[in-house]
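K.L.:
The hints should help you fit chain Z onto chain C, whose structure is shown.
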Amino acid sequence: MKEKNILLAHGAGGKLSHDIVTKLFLPFLENELLSALDDSAVIPIERSRLAFTTDSYVVKPLFFPGGDIGRLSICGTVNDLAMVGARPLGISASFILEEGLSMEILERVLSSIKNAAMEADVMVVAGDTKVVEHGAAEGLFITTSGVGIVLEGVDIKSSRATPGDVIIISGSIGDHEIGILLARGEFSLKGEIKSDCAPLNNLVQKMLKECPEIHVMRDPTRGGLGTVLWEIANASDVGVVVDEEKIIVSEEVRGVCDLLGFDPYYLANEGKLVAFVPREDAERVLEVMKTDPLGRESVIIGKVVDENRRKVLLKTHIGGHRILEPLSSVQFPRIC
Amino acid sequence: MAASEDVTLLTFGDLMRVPGTYSSLSQERAMGRDIRVITSPLDALEVAVREPERRIIFFGVGFETTSPAIAAAVKEAKTRGISNFYLISSQRLIPPAMKALLSSGNVKIDGFILPGHVSVIIGREPYSFISSEFSLTGVITGFEALDILEGIYMLLCQYNEGRSEIEIQYKRAVRKEGNPLALKIMNEVFKPVSARWRGLGMIPESGIVLREELKEMDAAEVFNVPYEDRPDPPGCLCGEILQGFKSPPECPLFGTRCVPQDPVGPCMVSSEGSCAAFYKYGG
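Chains as they are written, first to last, in the working numbering: chain C, 47 to 382; chain Z, 131 to 413.
The shape of chain Z in the complex, shown without the other chains:
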């Protein structure tokens, strides 16, 4: 899409390094494409207003944490009649993926440290299947070192006492009902669809795309880019590593073809990925 002269692609910084099938956004920018990093979807709107002669595509990725802000930008664009703003929606939902993981059977998981910032939006309820259907434990946990320690401690307490509940450690940010306003706007703008996860395959209702009535802003429709559903790169074991079946050194690409400077799979891209962490500290 960015190959057109009049197109500006806006993205969160995380995506610049992520390898695509043929290239990365960093490499494409080096070849002269207009690709810019922003920190808020609302900044994308401002660019669209400032540069009306260009078509502005916002590459909207992320989980429930970022989706409400993306939804707000879309809604605002609609209200203000901004006609040169488009969205690529590559957003994912956490609970359906966890459900798929647990339903696959054969998992060796006793409990979950649940993501704090996603839970700020969705609250506690969407995780309830973890305890009610699978009798496992979960603690919604913050990101600081002490949060994680307390989260683990709470999981261990549940385990020792034979309880399986969804508890909140990250109380200073998470309410059990989540953020109803954010959920409402997400629901107004997006609808759930089946989506592919690297290493996990297609998961029903785990992605969100623009609703029918907003499809004039859907970059995939407007720019008519053919979408190929590609399999994971040969040899990459990210799926098995994500599910806990294999550890990073068991992957034939680990440390040779796949390194942090030149990642093949998602687990090697960011420093908190299991392969990237293992690469750095495992030896």
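Bound conformation, chain C alone:
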């Protein structure tokens, strides 16, 4: 690690996040379950497999169009379980509360947690609260962990992408990060872009019922679609080609991106998934995804190839190919 201190970019889900995990955390904590670096660890127990994951939520502002920190803390962890094909069993939630936080805010967050958990059909079965001095946290931080049972016959992991696989995404990209950005009121921009924050486990259940053979599934959160595709291409030692014209970016998101110099392929999403599906099953999986409210805009965006291994190529609308690398830093708004 070259950096002597933690930078915001270490938490942005891109190259520096990848580096701090592989070069600092893994050397200390490495084991075969952790090293897969999938969204959940899959632990074999007797004849079944337990999925286990954890995630912390520090979003600012606490409430934003389309969600809030409570909803996010349930959806994020449920989705991490869903991405290895697990049915969520139970979730724990730990709260770090800043002295002075209003009870009303906490109540709103808890009510939102309750609703999201009902939506995902999962229970919060354990919890903890700690209070820190004013200034030692910003309002409230939440850490959730979750366990789930991996469905029988399902084996989803980032290293299983195979040449010929078809890549499907469940809808538009960038809504969450741009929604948050606008809610922060920075850059004097106003707009009503809603975060896509949603639990994807029901959609995933339908997909796996149709095709238990799905090779890879990831939710492109921090680091965005570009980083997730790069991670899969590397974990599976394959090439990935996606088509710019197929990937949906809403007018509003595109407008903000143009203005601030953001690249939509690196924006966080909280209610979208990317699936790598065997070619012969792709159309059927796509059809079943479209029957779910969270997958209505599902679309095939590309395929896995044997050449250009460990690279992600984006076919652009003028017919060139752009290389998508992992997000190298935090995306700062740019002026030119």
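Careful, some of the hints might be misleading.
[Claimed, not checked] Mimicking BS3-like on lysine-lysine, the simulated pairs with C-alpha atoms at most 30 Å apart in a straight line are:
no.	chain 1	residue 1	chain 2	residue 2
1	C	357	Z	376
2	Z	410	C	292
3	Z	376	C	48
4	C	48	Z	410
5	Z	410	C	361
6	C	61	Z	410
7	Z	208	C	236
8	Z	410	C	349
9	C	349	C	255
10	C	361	Z	301
11	C	252	C	349
12	C	176	C	106
13	Z	410	C	50
14	Z	410	C	69
Read the hints as simulated data drawn from the structure, not as lab findings. These figures come from a predicted structure and were not determined experimentally.
P.N.:
The following block gives chain Z in isolation, referenced to the frame of chain C:
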């Protein structure tokens, strides 16, 4: 400057990653300095009004594209009597640098794709030396893929027909006289000075700083920060690469000591820099 407790440094996002001699703004922010990213110089004024107990320094960088907005913020601060607003002026002008480049002799350039957004401000006239003194061609071009294609096509037409003129491809934004209002305010607030360019050295009249009567807002004066004119980092060939003498892989630092995640020279900092592009697509 940001090391003082009561100072807030405001900057465009581009600058957060740019390596300084010892550190970068990202790293300094991680150490607790109050450094914030804004998108418009006028936002800096608003911060100064909102937080009168702090001294607000705006790090004004850029070319003619951004200078009028910076000038407008300075003028507004003066008019409204905002006394906690300061400017670091590190702005550069394009035509003097092009003139210096061409005057150095030994250049292998046939024509220029001229910058669209700079030209929105300055218009066509400031480039006329390219054709009149050096008999070369230039086309003021927009930034979309089709703009660039048309710009190249127009350059090739001139080349084939043996013409050397400054033409405008980016007609939907650029008028030949530029933006007189923007030029006027720039001229009221700033005066040209010699300035150093990474890799190119000192170029006369290629930078702009606040005029004498506005120097109470000049952060360099007020904060009295010693300025050292440092040479480029040893080994860095950005200058030769910018002038077309060398290609990125010929630089000993390229791809080893100098990579996009940890750039040494300016050509590696942003994705459109020649070294960054070569690093990504060259192999």
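K.L.:
Given the hint that residue 48(C) pairs with residue 410(Z), does the C-alpha gap stay at or below 30 Å?
P.N.:
holds (21 Å)
K.L.:
Decide if the proposed pair is consistent with the structure: residue 61(C) and residue 410(Z), CA atoms, cutoff 30 Å inclusive.
P.N.:
Roughly 15 Å separates the two Cα atoms, so the pair holds.
K.L.:
Decide if the proposed pair is consistent with the structure: residue 208(Z) and residue 236(C), CA atoms, cutoff 30 Å inclusive.
P.N.:
holds (29 Å)
K.L.:
Checking one constraint from the list: CA of residue 410(Z) to CA of residue 69(C), max 30 Å. Satisfied?
P.N.:
It holds: about 23 Å lies between the C-alpha atoms, which stays within 30 Å.
K.L.:
Hinted pair, alpha-carbon criterion (30 Å max): residue 349(C), residue 255(C). Please report holds or violated.
P.N.:
With Cα atoms ~22 Å apart, residue 349(C) and residue 255(C) stay inside 30 Å; holds.
K.L.:
Given the hinted pair residue 410(Z) and residue 50(C), is their alpha-carbon gap at most 30 Å?
P.N.:
The given pair, whose Cα atoms are some 26 Å apart, holds under the 30 Å limit.
K.L.:
Would the pair residue 252(C) and residue 349(C) pass a check requiring their Cα atoms to be no farther apart than 30 Å?
P.N.:
holds (22 Å)
K.L.:
When you check the alpha-carbon spacing of residue 410(Z) and residue 361(C), does it fall within 30 Å?
P.N.:
Status holds; Cα separation ~16 Å.
K.L.:
Taking 30 Å as the top limit, are the C-alpha atoms of residue 376(Z) and residue 48(C) close enough?
P.N.:
holds (29 Å)
K.L.:
Take a quick look at whether residue 176(C) and residue 106(C) sit within 30 Å of each other, Cα to Cα.
P.N.:
holds (19 Å)
K.L.:
Decide if the proposed pair is consistent with the structure: residue 410(Z) and residue 292(C), CA atoms, cutoff 30 Å inclusive.
P.N.:
holds (24 Å)
K.L.:
Is the hinted pair residue 361(C) and residue 301(Z) satisfied, with a Cα-Cα distance of at most 30 Å?
P.N.:
Distance of about 29 Å is within 30 Å: holds.
Figure legend: structure checked against the earlier numbered hints; every hint is met.
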